[in-house]
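Number of protein chains: 2
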Amino acid sequence: MSGVLSDLTIRIGDVERVLPTVRTGNLGRVPLVEFIGDPEFTNAAAQAMLPLLPAGTEILLTVVTNALPLTHELSDRSGLPYVCARKKRRTYMQQPLIQDVPSLSLGVAETLWLDGPHAARLRGKRVAIVQDVVASGGTAQALAKFVVQAGGTVSGYLAAFRQGQPPMDVAVLQDLPRRVP
Amino acid sequence: MSGVLSDLTIRIGDVERVLPTVRTGNLGRVPLVEFIGDPEFTNAAAQAMLPLLPAGTEILLTVVTNALPLTHELSDRSGLPYVCARKKRRTYMQQPLIQDVPSLSLGVAETLWLDGPHAARLRGKRVAIVQDVVASGGTAQALAKFVVQAGGTVSGYLAAFRQGQPPMDVAVLQDLPRRVP
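Protein sequence lines, in the order shown, are assigned to chains A and B.
The numbering of the first sequence is my numbering, which starts it at 1 and goes up by one.
The numbering of the second sequence is my numbering, which starts it at 1 and goes up by one.
Keep in mind that the hints were calculated from the coordinates and are not lab data.
A few of these clues could be false.
One copy or two, either will do: identical chains are not told apart, so a pair holds if it fits within one copy or between any two.
[Stated by the list, open to error] Once the Cα atoms are required to be at most 30 Å apart in a straight line, the calculated BS3-like pairs of lysine-lysine come out as:
hint : residue 1 : residue 2
1    : K125      : K87
2    : K145      : K87
3    : K145      : K88
Just need the whole structure built from these sequences, with the hints factored in.
Structure representation (structure tokens):
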């Protein structure tokens, strides 16, 4: 029991958090990483991710929601601009790009939307994919497809945490257990 | 025409933006405020909002998505913690509070969710309601109901911009036109 708990203790710089575990659908208990509502943890993670930024990166691409304050901070601290995909179509979007993320657990795709004016900011740029937590890598792949669709190139993948074995190389701060007994 | 355009020029500190206008449903063209993807604008707004924080505020409450990086920054710069309501139920939520926001244009309610552990952070606290843009005030009222439900008190309302006439006093940086001819 204490072994499991220590897996869920995160220390980034001077900031320590013991992640809560939550029951989700048929997956059992999983650790929950929340940057929303925790600026101290968010800022520590953004600072620690700075040296992990892929060489040559010119702009960051992420997706709402939990990664948003993290990417805002990483953008602010690195001086690199960022673009954020959405999980809902907005009425104001102009010629948005669309990518589906297959869901392993339900077999239902989630759709990501990238507004046209934001996609245009990726054109000809070297783009780092930024996430809060990377697991199967499906979201990372969808974001990479946005980059190609928009006429950019992927400089690399970056996440605060990894849960599982995504198929691409991702620079992370720490691995987390995928499930908790 | 030039008069209309100047209404859409925002200057906050050293940062200037000319807001794009977008066609939305049956409302015609409206100015679009986007903090997501614009850390410079976000940080300038957060800095300018600091003196508008209601006296005695102990914690901030906002709602996803556009206000999230703004509130993260406002929290970071003020030293006040923040809590963020969601627009979708998450499987991991524990005894979430629920409030509906009536939509003026469609007559359909949008539902806001506040996870139980986050609601608990508002208990006994003086809470400022923070938004990116306040219009009808419906979202602000729903957030205020969360505060009461959670056992806190509302210290006041704060938004970067106001479009229209909400029924409560809201401290804002600037008024924006609600529609553009």
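Results of checking the hints against the structure:
1. K125 to K87: Cα proximity of K125 and K87: one copy only (23 Å, versus 33 Å across).
2. K145 to K87: both (15 Å within a copy, 27 Å between copies)
3. K145 to K88: Both: 18 Å inside a copy, 26 Å across copies.
Hint violations for this structure: none, all hints satisfied.
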